[in-house]
Amino acid sequence: MGLVDYPDSEDEDAEPVKTPPAKRRKLSTSEGVALPPLPAAFLDQYSSTVRTSTQDEPSMHGGKKRVTPHVEGNWPAHVYLEWHPTPNEHDLLSKLVTATQPTGDQSKAEKDASHVHSLLENDLGVALALHISLSRPLVLKTAQKDSYLTHLQKFITENSIKALTLQPKDLAWHPNESGSRWFLVVRLQKSAELDKLLQTCNEVAKAFKQPLLYAETDKPKGDEFHISIAWSLQAPRKKGTSSKISRSDSLTEQDIGIPYSLLQRLSSLEISFAEVKVRIGQDVNLVGLKPKR
Numbered sequence: 001m002g003l004v005d006y007p008d009s010e011d012e013d014a015e016p017v018k019t020p021p022a023k024r025r026k027l028s029t030s031e032g033v034a035l036p037p038l039p040a041a042f043l044d045q046y047s048s049t050v051r052t053s054t055q056d057e058p059s060m061h062g063g064k065k066r067v068t069p070h071v072e073g074n075w076p077a078h079v080y081l082e083w084h085p086t087p088n089e090h091d092l093l094s095k096l097v098t099a100t101q102p103t104g105d106q107s108k109a110e111k112d113a114s115h116v117h118s119l120l121e122n123d124l125g126v127a128l129a130l131h132i133s134l135s136r137p138l139v140l141k142t143a144q145k146d147s148y149l150t151h152l153q154k155f156i157t158e159n160s161i162k163a164l165t166l167q168p169k170d171l172a173w174h175p176n177e178s179g180s181r182w183f184l185v186v187r188l189q190k191s192a193e194l195d196k197l198l199q200t201c202n203e204v205a206k207a208f209k210q211p212l213l214y215a216e217t218d219k220p221k222g223d224e225f226h227i228s229i230a231w232s233l234q235a236p237r238k239k240g241t242s243s244k245i246s247r248s249d250s251l252t253e254q255d256i257g258i259p260y261s262l263l264q265r266l267s268s269l270e271i272s273f274a275e276v277k278v279r280i281g282q283d284v285n286l287v288g289l290k291p292k293r
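Position 152 of the sequence shown, counting from 1, maps to 152 under full-length UniProt numbering, and the rest follow consecutively.
Hint data in this document are derived by calculation from the structure and do not stem from the laboratory. Among these hints, one or two may not hold up.
To be verified - Quick list of the computed label-pair ranges, beta carbon to beta carbon:
| id | residue 1 | residue 2 | range |
| --- | --- | --- | --- |
| 1 | ARG181 | GLU121 | 34 to 40 Å |
| 2 | SER250 | THR142 | 15 to 21 Å |
| 3 | PRO291 | HIS131 | 20 to 26 Å |
| 4 | ARG237 | LEU124 | 43 to 49 Å |
| 5 | GLY73 | SER191 | 14 to 20 Å |
| 6 | GLU72 | HIS131 | 23 to 29 Å |
| 7 | SER261 | SER160 | 37 to 43 Å |
| 8 | ARG293 | GLN101 | 40 to 46 Å |
| 9 | GLU275 | ALA113 | 34 to 40 Å |
| 10 | ARG293 | GLN264 | 29 to 35 Å |
| 11 | PRO291 | LYS190 | 32 to 38 Å |
| 12 | HIS90 | GLY179 | 44 to 50 Å |
Stated by the list, open to error - No more than 16 Å apart at the CA atoms, straight line, and that leaves these computed lysine to aspartate or glutamate pairs for EDC-like:
| id | residue 1 | residue 2 |
| --- | --- | --- |
| 13 | LYS290 | GLU193 |
| 14 | LYS95 | GLU121 |
| 15 | LYS154 | GLU82 |
| 16 | LYS196 | GLU224 |
| 17 | LYS206 | GLU216 |
| 18 | LYS162 | ASP195 |
| 19 | LYS292 | GLU193 |
| 20 | LYS169 | GLU270 |
| 21 | LYS196 | GLU275 |
| 22 | LYS277 | ASP146 |
| 23 | LYS145 | ASP283 |
| 24 | LYS190 | GLU203 |
| 25 | LYS145 | GLU82 |
| 26 | LYS190 | ASP146 |
| 27 | LYS141 | ASP283 |
| 28 | LYS277 | GLU82 |
Heads up, the beta-carbon is just placed ideally off N, CA and C, and yes, glycines get one too.
With these hints in hand, go ahead and build the complete structure from the sequences.
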């Protein structure tokens with residue numbers, strides 16, 4: 001390494017030479033290169049709030065209380081298919097949510113109760129992943145969690161369940177079990193492979209004495225599978241009337257003023273899934289589906 005060249009003492013009195021700052025060349029829009037999306041495995045590591053307490057803390061979940069309180073030694077689990085909408089798909093879903101917002105004169109209390117809250121983005125405006133549930137909320141004991149995952153992986157592989165391509169059927173409102181919230185959902189068209197996957201997940205849940213999803217019927221109805229995109233505290237009303245929309249209603253342009261063109265675009269989407277996700281506690285595990293030929 002070369003020696004540092006120190007200035008002479010005479011140079012200390014000399015006025016320093018001012019060098020003009022280098023100009024930065026601006027990149028045109030055409031020169032900008034879009035960054036590739038982050039891999040799903042990376043996103044899974046940051047998909048939930050880090051727990052710092054063994055007690056329930058509603059502040060960690062947007063003020064919501066757990067249906068099943070946290071108990072040390074119990075592991076909440078959920079099986080699902082995850083969908084990351086493309087920018088165009090996200091734009092379409094956002095327009096659908098906006099179109100369902102109630103209009104007309106309302107008091108503040110009525111506005112708060114009827115406001116439709118989007119599930120498409122977080123508070124910072126970052127797009128969120130959406131999902132199709134393949135299980136009810138499960139609670140596994142510490143001694144069960146590894147065995148449960150192993151059994152689920154084994155059953156899905158042995159049943160040769162293929163990768164899925166699903167299409168939306170329509171838009172509807174679904175209440176939760178207590179009726180305290182209503183969810184705006186994209187209902188999906190019937191899929192034999194999706195039914196087969198649900199049956200497999202239910203078989204494993206039953207073996208571990210866990211509740212089953214859509215167990216009230218021998219086979220799930222075609223419109224049971226859905227993707228939630230927004231929620232409201234009360235059942236929305238039909239456009240220009242005082243009658244509330246029921247769970248069985250397929251939303252139309254006449255019902256709530258959603259442009260028919262948006263509903264057409266929705267029904268033309270194709271959503272592909274190559275893996276099942278299994279969340280146990282804060283860990284997300286992937287179970288691959290058989291590739292299509």
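Results of checking the hints against the structure:
Between ARG181 and GLU121 the beta carbon distance is about 18 Å. The supplied range of 34 to 40 Å is therefore violated. About 44 Å separates the C-beta atoms of SER250 and THR142, a value inconsistent with the hinted range of 15 to 21 Å. Checked against the hint of 20 to 26 Å, the C-beta distance between PRO291 and HIS131 comes to roughly 21 Å, which is consistent with it. Between ARG237 and LEU124 the Cβ separation comes to about 32 Å, which falls outside the hinted range of 43 to 49 Å.
For the pair GLY73 and SER191, the supplied restraint of 14 to 20 Å is violated, since their beta-carbon distance comes to about 37 Å. The supplied range of 23 to 29 Å is met by GLU72 and HIS131, whose beta-carbon atoms lie about 27 Å from each other. At roughly 39 Å, the beta carbons of SER261 and SER160 sit within the given window of 37 to 43 Å. Between ARG293 and GLN101 the C-beta distance comes to about 45 Å, which sits within the given range of 40 to 46 Å.
Checking the proposed 34 to 40 Å range against GLU275 and ALA113 shows it holds: the Cβ atoms sit about 39 Å from each other. A beta carbon spacing of about 31 Å between ARG293 and GLN264 agrees with the range 29 to 35 Å that was offered as a hint. Checking the proposed 32 to 38 Å range against PRO291 and LYS190 shows it is violated: the Cβ atoms sit about 22 Å from each other. HIS90 and GLY179 have their C-beta atoms about 29 Å apart, which leaves the hinted 44 to 50 Å range violated.
Of the pairs offered as hints, the one joining LYS290 and GLU193 holds, with about 11 Å between alpha carbons and a cut-off of 16 Å not exceeded. Proposed proximity of LYS95 and GLU121 is supported: the alpha carbons are some 13 Å apart, at most 16 Å. Taking the CA atoms of LYS154 and GLU82, the gap is near 20 Å; set against the 16 Å cutoff, the hint is violated. For the hint pairing LYS196 with GLU224, the CA-to-CA distance comes to about 14 Å; that is within 16 Å, so the pair holds.
Between LYS206 and GLU216 the alpha-carbon distance is near 14 Å, which keeps this suggested pair within the 16 Å criterion. A threshold of 16 Å between alpha carbons decides the hint, and for LYS162 with ASP195 the separation of about 12 Å falls inside it, so the pair holds. The hinted pair formed by LYS292 and GLU193 meets the criterion: a straight-line CA distance of about 12 Å does not exceed 16 Å. A threshold of 16 Å between alpha carbons decides the hint, and for LYS169 with GLU270 the separation of about 11 Å falls inside it, so the pair holds.
Using a Cα cut-off of 16 Å, the hinted pair LYS196 and GLU275 holds, with the two alpha carbons roughly 14 Å apart. Pair hint LYS277 plus ASP146 holds up; C-alpha atoms about 15 Å apart against a cutoff of 16 Å. With a C-alpha separation of about 11 Å, the suggested pairing of LYS145 with ASP283 holds against the 16 Å cut-off. For the hint linking LYS190 to GLU203, the alpha-carbon distance of about 20 Å lies beyond 16 Å, and the restraint is violated.
Distance check on the hinted pair: LYS145 and GLU82 sit about 21 Å apart at the alpha-carbon level, beyond 16 Å; violated. Taken as a hint, the LYS190 and ASP146 pair is broken in the structure, with Cα atoms around 32 Å apart against an allowance of 16 Å. About 15 Å separates the Cα atoms of LYS141 and ASP283, which keeps this hinted pair within 16 Å; it holds. As the CA atoms of LYS277 and GLU82 are separated by approximately 7 Å, the hinted pair is consistent with the 16 Å bound.
Taken one by one, the earlier hints fail for this structure at numbers 1, 2, 4, 5, 11, 12, 15, 24, 25, 26, listed in ascending order.
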